[in-house]
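Peer 1: With chain A's structure known, arrange chain B on it following the hints.
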Amino acid sequence: MFGALELGLIYGAMALGVYLTFKVLNFPDLTVDGSFTTGGATAASLIIAGVNPFLATVAAIGAGLIAGYITGLLHTKGGIDGLLAGILTMIGLWSINLRIMGKANLPLLREDTVFTPLRENMLLGTWVSISALLAFTLILKFAIDWFLTTDLGLAIQANGNNRQMIRSLGVNTDNTTMLTLALSNGFVALCGALVAQYQGFSDISMGIGLILVGLASVILGQAVFGSRNIFMASLGALLGSVIYRLIIFLALRAGLDTNDMKLTTALLVVLALLLPRWGFLKRIPSLRSRSNRASSKAPAEPADDPASEAGAQVPAGTVDTPADTPGVPAGTPAKAAGRTAAGTSAASDSKED
Amino acid sequence: MLKIDTISKTFFPGTVNERKALQTVSLELDESDFVTVIGSNGAGKSTLLNTVSGRLPVDSGSITIDGAEVSRMPEYKRAKYLGRVFQDPMAGTAPDLTIEQNLSLALKRGKSRGLGRGTTSARRALFRDELATLELGLENRLKTKVGLLSGGQRQALSLLMAGFTQPRILLLDEHTAALDPQRAALVTNLTQKIVSNDGLTTLMVTHNMEQAIALGNRLIMMHEGEIIYQASAEEKKALTVKTLLGEFSKLKGATLGDRALLN
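Read top to bottom, the protein sequences are chains A and B. Remember, my numbering sits 23 above the position in the first sequence when you count from 1. Remember, my numbering sits 8 above the position in the second sequence when you count from 1.
Bound-form chain A, shown alone (with noise of 0.2 Å):
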C-alpha cells in the first residue's frame, strides 16, 4: 500500500509531462516510451560512474529536454505528424538507451541513489517518504502551474486551444510546440530517473507502455477533479497517478498477475474514455472529442452553468476545422467554413439567450 503510494507520486512526474502534451499542447506524444527508458538508463550509468545522485538526475532531464526536442523538430520542421514523430523518436530511443546502458539491464544494488538517506534510515515505505515524494511532486505541479500562467505559458496554452489564432498574435508556433515536448519530456525523464533509483536498476524495457500509464492517469485525474483550471487539472494529473498506482495495487490483491497489468491499463483507459459517452462521469475530456468531435457538439449545457466542463469543451472541437485550410483556394472552402461557422454560432447564441 505505502509502495503504490511511492510509486504513485513518483510516475506523477511522469503524468505531469503526459498532462503537458496531451492536454495543454494537445499533442499525443509516444516519446514517452522512449524518453522515459533514457531518463533511467542516463541516471543509473552516471551513478555507476560515480556521479552524485543528484547531478546524474539533472542529466537524465537534460537527455529527456533533448528527445523531445527531437519528436519536436521532427514534427514542426519536418511536418511529420504527430504521432508518427513521436513513434519515431520513440523508436530511435531504443538503441541510444541500450548504447547508453551498454547492456539491456543495469542494477543500481550497492550504489548511493537518491533514495539512499530514504532507505538507510528504514523510512522507504513510511510516511515520512510519502510526505517526502507528495511535497517534490508538489512542487513540480506548482512549477507547471506557474508556468502555464505566464505569458509564454499562455502561449502554448493557445497553441493548443486555436494554433492559427495564436500565429496571428506573433507567436511561432513552432517553437512553441518543440519547448512543450521538451519541457514534457524532461519530466518524463525525471521521472525514468527516480524510477529507476528506486528500484534498484535500469531496464531497457522499463518504458513500454508507459504512455498508457500516463493517459490513465490524466484521465483519471480528470474524472475525479474536473479541469476547470490549470490548478485542478494538474493536480488531477498527479493524483490520478496515485489513483492509478492503487488500482493496480488492488488489481494485483484480487489475484491478478504482474503480467496482466498491461491489459489492466488498457481497459482502465478504455473504460475512462467510453464511461462518459454512455452518460457517466459527464465531465471528462476532450479525448473523447478528439476521436469523435460530431458528437462532442451535442450536448447543450444550460447557460446557468459557467463552470460546466462539456459547454468549454463544444468549441474547442470545432475551432481548429476551418483554421487549417491554408493553400487552399479561398472562395469554396471559406464559404464551406462559413456555414458550419454559422451552424455553431447559432448554437451558442442560442445557448447565451
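Hint data in this document are derived by calculation from the structure and do not stem from the laboratory. Incorrect hints may appear among the rest.
For lysine-lysine, the following DSSO-like pairs were computed, each having C-alpha atoms within a straight-line distance of at most 27 Å [stated by the list, open to error]:
#, chain 1, residue 1, chain 2, residue 2
1, B, K201, B, K11
2, A, K100, B, K85
3, A, K100, B, K88
4, B, K119, A, K100
5, A, K100, B, K11
6, B, K258, B, K244
Computed footprint of chain A on chain B; a stretch qualifies when at least three of its residues, placed anywhere within it, have a C-beta under 8 Å from a C-beta of chain A [to be verified]:
#, segment
7, 78-91
8, 95-104
9, 192-200
Note that the structure is predicted; figures quoted are calculated from it, not measured. Backbone N, C-alpha and C define an ideal beta-carbon position, used for all residues, glycine too.
Peer 2: Just chain B, lined up with the frame of chain A:
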C-alpha cells in the same frame, strides 16, 4: 502605410486546376484609410488579405508595411504590424482560456513573451476599460472561458483583441458573415467605433454591399483576381448598391451571381 505592388498568386500552377487568384494586384493605403473590398466568390478578396497577413506566400510582387518589405516574412513575424479578425467567430479566440487570458495574449502581439505573469492587476484594469467599450457586459466576466460566449460576443472580443493594441494595419476578413443579422449589425457598429477611435488603417473584405458602402472611406471591387473598380473617398459617398451593381455589369458584362451580394 500599406503598399501592395503588383502581387500575383496562382493556386495549383501547371495543373488542370490552375487558378489565378491574384493577377498583378496593386493597392496603396494611406494612414487611417479604411478600404472595403467586395467581389463575388473566388474574386481573390480573401487571397488578397491572406497574402498581406502572410498566411499565403505571394508568387511575385512586393508588400510593404510602413516602408518595411514583408512579403518574405513569415506570418508570425508580420503579426507585429497586423491585427486580424477572421470570418469564423471561433477562429480569433482561444476557447479554453478566459477572456482576460485571451486579451493578455493579444496585448503581447508581436512582442517577445517571457515568464512574466500573464494577467496582472494593471492589465486587468486595462482590459476592463477596453471591454466596457463593447457594452456587452464582458468587463464583469474576465474569468469566464471564451468558449462559453456566443458567436457574436466572441467576434466582438476578437475585434477588440485585434484593435486595442493599435496595429499598423487592421485586416477584417468577412468578420460579420457568419453572424445572424442582429449580431452582424452589432459587430459592424463596433468595427466603425474601434476603427474611427484609433484611426486604424483598415482593409476589410465583405460579401455585403451595403456594409461595404456604409463602412470606410474607400471601396474596391475585385473580380477574377483583379481590382476592377475603385471608388475614392469622394466617389464612395455617393455610392449605392444599384450603382455598384451597374458598375460591375458595365465593366464585366456579367451580373454578380452571388446571392450574398444582393442582400
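Peer 1: For each hint, tell me whether it holds in the structure or not.
Peer 2: Against the structure, the hints come out as follows:
1. For the hint linking K201 of chain B to K11 of chain B, the alpha-carbon distance of about 25 Å falls within 27 Å, and the restraint holds.
2. Proposed proximity of K100 of chain A and K85 of chain B is supported: the alpha carbons are some 17 Å apart, at most 27 Å.
3. For the hint linking K100 of chain A to K88 of chain B, the alpha-carbon distance of about 23 Å falls within 27 Å, and the restraint holds.
4. Our distance criterion of 27 Å between C-alpha atoms is met by K119 of chain B and K100 of chain A, whose separation comes to about 23 Å.
5. As the CA atoms of K100 of chain A and K11 of chain B are separated by approximately 31 Å, the hinted pair breaks the 27 Å bound.
6. Annotation: proposed proximity of K258 of chain B to K244 of chain B holds, straight-line Cα distance about 18 Å (limit 27 Å).
7. With 7 residues having a Cβ less than 8 Å from any Cβ of chain A, the segment 78-91 of chain B passes the three-residue criterion, so the hint holds.
8. Counting residues of the segment 95-104 of chain B whose beta-carbon sits less than 8 Å from any beta-carbon of chain A gives 10, enough to reach three: the coverage restraint holds.
9. Counting residues of the segment 192-200 of chain B whose C-beta sits closer than 8 Å to any C-beta of chain A gives 0, which falls short of three, so the coverage hint is violated.
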